[in-house]
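Numbering of the sequence shown is given in this note's numbering, commencing with residue 10 and proceeding in unit increments.
Keep in mind the hints are simulated off the structure, nothing from the lab. Backbone N, C-alpha and C fix where the C-beta goes; we use that ideal spot for every residue, glycine too. Accuracy of the hints is not assured; some may be wrong.
[Claimed, not checked] Here are the simulated distance ranges between beta carbons:
#: 1; residue 1: Ser71; residue 2: Pro236; range: 37 to 47 Å
#: 2; residue 1: Pro236; residue 2: Tyr162; range: 14 to 24 Å
#: 3; residue 1: Leu91; residue 2: His114; range: 29 to 39 Å
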Amino acid sequence: MKILITGSNGLLGQKLVAYLHKKGIDFLATSKGENRNPDCPKEKYYTLDISVQSEIIDLFESYKPTHVIHTAAITNVDACELNPDLCYLVNVQATQFLVDASIEHKAHFQLLSTDFIFDGLKGNYREEDTPGPLSHYAHSKVNAEKILLNSDYLNWSIVRTIIVYGTGNNLSRTNIVCWAKDALSKGQEMRIIDDQFRAPTWADDLAWACVRICSLKKTGIFHISGPETMSIYEIVRGQVLICPNQRMNLDITQ
10 MKILITGSNG LLGQKLVAYL HKKGIDFLAT SKGENRNPDC PKEKYYTLDI
60 SVQSEIIDLF ESYKPTHVIH TAAITNVDAC ELNPDLCYLV NVQATQFLVD
110 ASIEHKAHFQ LLSTDFIFDG LKGNYREEDT PGPLSHYAHS KVNAEKILLN
160 SDYLNWSIVR TIIVYGTGNN LSRTNIVCWA KDALSKGQEM RIIDDQFRAP
210 TWADDLAWAC VRICSLKKTG IFHISGPETM SIYEIVRGQV LICPNQRMNL
260 DITQ
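Construct all of the structure, not just a fragment, from the sequences and the given hints.
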């Protein structure tokens, strides 16, 4: 396999780099801007703006990947609401560019998606359930999925996941576990909700699953998450058990 990773500076991207490097699998890590992951060898990194189609075409011609794991996206829900055009460009249009290049080179295309595509009314969603997006971010991921679902190309997989957490290097965005741990250490008040239930996913496990799907040549939609469903309050509360000397200062809302 020759695996092209987008969004390699992000948490999942860094875990993919670590796993592939450890296993000796050929990969090329890409992100917009400089490499912020000190564990990614310089020769394995390429600066790529996925919103520029010509850059994607040139990279595919030179690297010739057999697989693409597309993790890059604007995932900040509020940011997507404030700038829906940029959200569409990065989350949908750029995905189309990458899919087109993957088809041209007969590469397996794997799209990382989210539980946000559902409205949350039913819970315990299965792969065949109908999406019900409620935000610009959710709509963008549904539209990105439709690029594959409506295509005649069949060599693809969609990985939907939930609250990815873990530690990484120089991350531009935090995750709920790191945020809670940092707030606890500083004695800061945390404003959380207790009526939303999710299944947090360890980034290392998700990286393994993504590569496993590629190595087994599986196609279709996959729901990948942690084994336990819990409220946001319970997730944060778990950090108190890990850090027993810290006092939890919560403002709980519904």
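Hints versus structure:
1. For the hinted restraint 37 to 47 Å between serine 71 and proline 236, the CB-CB distance of approximately 41 Å keeps it satisfied.
2. For proline 236 and tyrosine 162, the hinted distance range of 14 to 24 Å is not satisfied, since their beta carbons lie about 33 Å from each other.
3. The hinted range of 29 to 39 Å is satisfied by leucine 91 and histidine 114, whose Cβ atoms lie roughly 35 Å apart.
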